[in-house]
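Asks: Read top to bottom, the protein sequences are chains A and B.
Just so we're aligned, residue 1 is where the first sequence starts under the numbering used here, counting upward by one.
Just so we're aligned, residue 1001 is where the second sequence starts under the numbering used here, counting upward by one.
Some hints here could point you the wrong way.
[Claimed, not checked] DSS-like cross-link-like pairs, simulated, lysine-lysine; straight-line CA separation at most 30 Å: (1) 1078(B) - 1024(B); (2) 56(A) - 42(A); (3) 1078(B) - 1068(B); (4) 1078(B) - 42(A); (5) 42(A) - 1068(B); (6) 68(A) - 56(A); (7) 1024(B) - 42(A); (8) 1024(B) - 1068(B); (9) 56(A) - 71(A).
[Said to hold, decoys possible] Footprint (simulated), chain A over chain B, 3 or more residues, beta carbon under 8 Å: (10) 1011 to 1023; (11) 1108 to 1116.
[Unchecked claim] To give a feel for the contact side, a few chain A residues facing chain B, derived at Cβ under 10 Å: (12) 12; (13) 13; (14) 16; (15) 36; (16) 41; (17) 42; (18) 89; (19) 91; (20) 93; (21) 98; (22) 104; (23) 108.
Derived from the structure by calculation, the hints contain no laboratory data.
For glycine and all other residues, C-beta sits at the position ideal for the given N, C-alpha and C.
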Amino acid sequence: GESVGLHLPTLSVQEGDNSIINCAYSNSASDYFIWYKQESGKGPQFIIDIRSNMDKRQGQRVTVLLNKTVKHLSLQIAATQPGDSAVYFCAERGTGNQFYFGTGTSLTVIP
Amino acid sequence: DAGVIQSPRHEVTEMGQEVTLRCKPISGHDYLFWYRQTMMRGLELLIYFNNNVPIDDSGMPEDRFSAKMPNASFSTLKIQPSEPRDSAVYFCASSSSRTSAPDTQYFGPGTRLTVL
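Same shape as in the complex, but just chain B (with noise of 0.2 Å):
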């Protein structure tokens, strides 16, 4: 099965520009996850979605993150406008309330984000 799919994995902009995520989860899987990592940080949890409906955002920094889920396969975390202090490493997890395993989160390989 594949697993968690980001794209792109590495993304290199100028500040001010609008920056956009993407994330494929598991299939079948009903929550999805964004994560971000820094080395003073460590992995926050930016937003989390249940159901393709966001349940808590409290983690995104500020108005200038954004996070949809049209559709059960497919996530976006848009940053406009980016700015230096938002680069990082940002995972995509997702996880399936009907396994075992309910509280297993599957990362996804990230995408590292860089803003000069």
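Extracted from the complex, chain A is given alone in its bound form (with noise of 0.2 Å):
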């Protein structure tokens, strides 16, 4: 079936810094993935999304790579805030209208 993981289970930025969080993908068939944000307590929040056709795709401070060849995801947070601070998670699309999400990376801002 397919999996989706991350490379780090946690990642500690100072305030104004950049943050990239990583994510791997098994199923290069995958054609859509999203990002999502989750603060505690909360459920998932979109962030960003990129279909297979493209490999970047820009937001408001938040950037998202894809790289088909190695099946690596990335979501860059530009100058990162302590409202940034949550777990992220990468999703891809299976079969249907299915997602597959990974673990989640816990962010942490240092002011």
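Can you join these two chains into the complex? Each is in its own frame, and there are hints to help.
Replies: Take a look at the structure:
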């Protein structure tokens, strides 16, 4: 079956620095990927998505990079702020409308 | 607009008891998803519905779990009988195929279930 894994379970960054969160996926046929942010006690919240026909997509302070050759996805957060502290999940779309989520990376921003 | 609503937010029960979790999706959304989240396994899709019809329930762990969607604005996830290993946070999410972002799922706040 499909699996999505994260390279680092925890990440600490200084406020104002850039953050990079990585994700590996296993299904080369996956055509769509989403990054979610989950704050303590809340449900996951959509951040940014990317389709497999793209290799980069930018949002407000966030950029997602997709490397299909090595099946790797990354989320870059510019000028990280304390409010960015959360757990970040990548998810890939498999068959039908199913999404498979990684276990998450916990980002801590140090003031 | 109100987001996805789940109830209860917390549920503590004893092993063997029946548990019913409830979800109200965002109005107009035609997809509804039930997920379970644990530290060990992360977010797992249990079942999803399209226009109130179950499409894929392959993630439902066993027959003790059942889900229904009697109408477009309500769904339940039932566990009978509950076991300690069912302890987790259960999320409901919804999405709409009729928007410019049909794959974006909106999650509810979750129900934290503890089975003693």
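Asks: Would you mind marking each hint as holding or not holding in the structure?
Replies: Results of checking the hints against the structure:
For the given pair, residue 1078(B) sits about 15 Å from residue 1024(B) by alpha-carbon distance, which is consistent with the 30 Å threshold. A distance of roughly 28 Å separates the Cα atoms of residue 56(A) and residue 42(A); the hinted pair therefore holds under the 30 Å criterion. Between the alpha carbons of residue 1078(B) and residue 1068(B) the distance comes to roughly 8 Å, so the proposed pair stays at or under 30 Å and holds. A distance of roughly 22 Å separates the Cα atoms of residue 1078(B) and residue 42(A); the hinted pair therefore holds under the 30 Å criterion.
Using a Cα cut-off of 30 Å, the hinted pair residue 42(A) and residue 1068(B) holds, with the two alpha carbons roughly 24 Å apart. For the hint pairing residue 68(A) with residue 56(A), the CA-to-CA distance comes to about 11 Å; that is within 30 Å, so the pair holds. Distance check on the hinted pair: residue 1024(B) and residue 42(A) sit about 16 Å apart at the alpha-carbon level, within 30 Å; holds. For the given pair, residue 1024(B) sits about 12 Å from residue 1068(B) by alpha-carbon distance, which is consistent with the 30 Å threshold.
With a C-alpha separation of about 14 Å, the suggested pair residue 56(A) and residue 71(A) falls inside the 30 Å cut-off, and the hint holds. Here the stretch 1011 to 1023 of chain B counts 0 residues with a CB under 8 Å from a CB of chain A, which misses the bar of 3, and the coverage is violated. Coverage of the stretch 1108 to 1116 of chain B by chain A holds [criterion: at least 3 residues with CB-CB distance below 8 Å; count 3]. A distance limit of 10 Å between C-beta atoms decides the matter here; for residue 12(A) the minimum to chain B is near 19 Å, and the interface restraint is violated.
At about 22 Å, the closest approach between the beta carbon of residue 13(A) and any beta carbon in chain B exceeds 10 Å, and the interface hint on this residue is violated. Annotation: residue 16(A) was flagged as interfacial toward chain B, and the flag is violated, the nearest CB pair being 29 Å apart, outside 10 Å. Checking residue 36(A) against chain B by beta carbon gives a least distance of about 8 Å; that is within 10 Å, so the hint holds. The beta carbon of residue 41(A) is positioned within 10 Å of a beta carbon in chain B (closest approach about 8 Å), and the interface hint is therefore held.
Annotation: residue 42(A) was flagged as interfacial toward chain B, and the flag holds, the nearest CB pair being 6 Å apart, inside 10 Å. Checking residue 89(A) against chain B by beta carbon gives a least distance of about 7 Å; that is within 10 Å, so the hint holds. Hint status for residue 91(A): holds, given a least beta-carbon distance of 8 Å to chain B, under 10 Å. A cut of 10 Å between beta carbons decides the hint on residue 93(A): the least distance to chain B is about 7 Å, and the hint holds.
For residue 98(A), the suggested interface contact is upheld, since its CB lies about 6 Å from the closest CB of chain B, less than 10 Å. The beta carbon of residue 104(A) comes within 6 Å of a beta carbon in chain B, closer than 10 Å, and the hint placing it at the interface holds. At a threshold of 10 Å, the smallest CB-CB gap from residue 108(A) to chain B is about 17 Å, leaving the interface hint violated.
Violation of the numbered hints given earlier is confined to hints 10, 12, 13, 14 and 23; the remaining hints are satisfied by the structure.
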